[in-house]
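There are 2 protein chains.
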Amino acid sequence: MSDTRPIGIFDSGVGGLTVVGEIRKILPREEMIYFGDTARVPYGTKSKETVTRFSVENVEFLMKHNVKLVVVACNTASSLSLDFLKRCFRVPIIGVIEPGAKGAVSSTRNGRIGVIGTQATISSGAYERQIRKLRPDVRVFCRSCPMFVPLVEEGWLGKRVTAEIASIYLAPLRKKGVDTVVLGCTHYPLLKKVIGKAMGRGVRLIDSAREVAAGVKDLLDASGLLNDTGKGKKSRFFVSDEPGRFARMGERFLHRKIECAKRAE
Amino acid sequence: MSDTRPIGIFDSGVGGLTVVGEIRKILPREEMIYFGDTARVPYGTKSKETVTRFSVENVEFLMKHNVKLVVVACNTASSLSLDFLKRCFRVPIIGVIEPGAKGAVSSTRNGRIGVIGTQATISSGAYERQIRKLRPDVRVFCRSCPMFVPLVEEGWLGKRVTAEIASIYLAPLRKKGVDTVVLGCTHYPLLKKVIGKAMGRGVRLIDSAREVAAGVKDLLDASGLLNDTGKGKKSRFFVSDEPGRFARMGERFLHRKIECAKRAE
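Same order as they appear, the protein sequences are chains A and B.
Counting in the numbering used here, the first sequence runs from 180 upward without gaps.
Counting in the numbering used here, the second sequence runs from 180 upward without gaps.
Every clue listed holds true.
Copies of the same chain are indistinguishable here, so a pair counts whether it falls within one copy or spans any two.
Straight line, CA to CA, 30 Å or less: simulated DSSO-like cross-link-like pairs of lysine-lysine:
#	residue 1	residue 2
1	371	436
2	204	372
3	227	436
4	396	227
5	243	227
6	413	265
7	441	227
8	338	371
9	338	376
10	204	413
11	338	372
12	338	354
13	396	410
14	371	354
Just so you know, the hints here were simulated from the structure itself, not pulled from any lab data.
It should be emphasised that the depicted structure is a prediction, and the values quoted were computed from it without experimental measurement.
From just these sequences and the hints, can you work out the full model?
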């Protein structure tokens, strides 16, 4: 059986495009409908109630496009709202926390894992809970890095100040001797080099986008929802603010041109 | 005649509290109703259409509280949406651009003015237009500083990286020999020291909050809307996200405790 319905993906803005890129790599036939809530971005400084209200609206939008699966590509929304979304909707919904936690647990050798993310993600404790559910003996050290998203959006990936800010945020994790760091925000993979340097050699960085894509494949496969027919349709991108800035910024995340971004009605 | 109705003030978040503080100083009898759109903050990276839609909703909220005047304390909303708001509503509406421009024009000696603000404020050209309307011979140099708001919200007012970032943003204005810089975003007054140092001695910084308060007083006075009776009522604060974070962050801007912030219904 083959299911040609699209996969729905939402994020607070452009960051979730890293997940689109990874899904495309391993599931090239799947059509994707992406929604970026660019009018209300960011989520990382907002409350559970507000992020959940926004997330419900985002899933409702995707449902109108008859999606077979929803990926919550935003770490903040996954941390704060995934359980509620799963209770509200009948479509399968995948967040980014569980795949990221799995990746971290299978990477660590010394049982010391660092997690970085937005304020809301970190204070939710979602990664910590998930990691300790998988391996209760692991020690988890968390740190919110609120300047990382603006740095990425400003495009300051190689600037000296960026390295300085990374070392301010990451010094405490380094001191704790973690051997694995979860990049708990879809913007952070763009700072991989800087973060890697600040953490020092031998520390592995877990980019949850990849783990999520693998999770999506497993789930579709297990439920008989894969699209096995011919070539996939082009993915479509929707945003709540005007599409121009999204398309420009998005190319940094997707590594290709975004031609058909539209404002969601 | 005395008008005891409150003054309405809105901003995308906490920044407009600097305007509340200045109005309170010179008009201690006036009650204020403040609305901070903390669920959808920031506005500075968003489109004219989206910011205008949000601004209309914000004014509608204030109108329910029977305000006698609306202050658009947000530079971005003032730049993009003030004209539209004035056409939509019958209550007098004041933005922050005109008072800031006036302040700059009366400050400059050499006719070279710098303006800093969010991306949306700067690319709107609103300050430049307003300044040149007042004095067409003045030269205006603009620069958006997207990292300043996150730096203030992170509380990194005295950090070395903050000084470095300020010098990156402000070097071009310094080169142009401006003698006056408009702080075209309500967050920037908190970085006055750093900005002043980066610009060098003899450069005057125009904090539009003060100019706006003076403008509010003039307008109320001229229209017979001042509250001349006894003691003023306590100001009230409403937000679109949960009030806790707003109250904590807001104290930095208002320099006093915010006791009664509520979520707007």
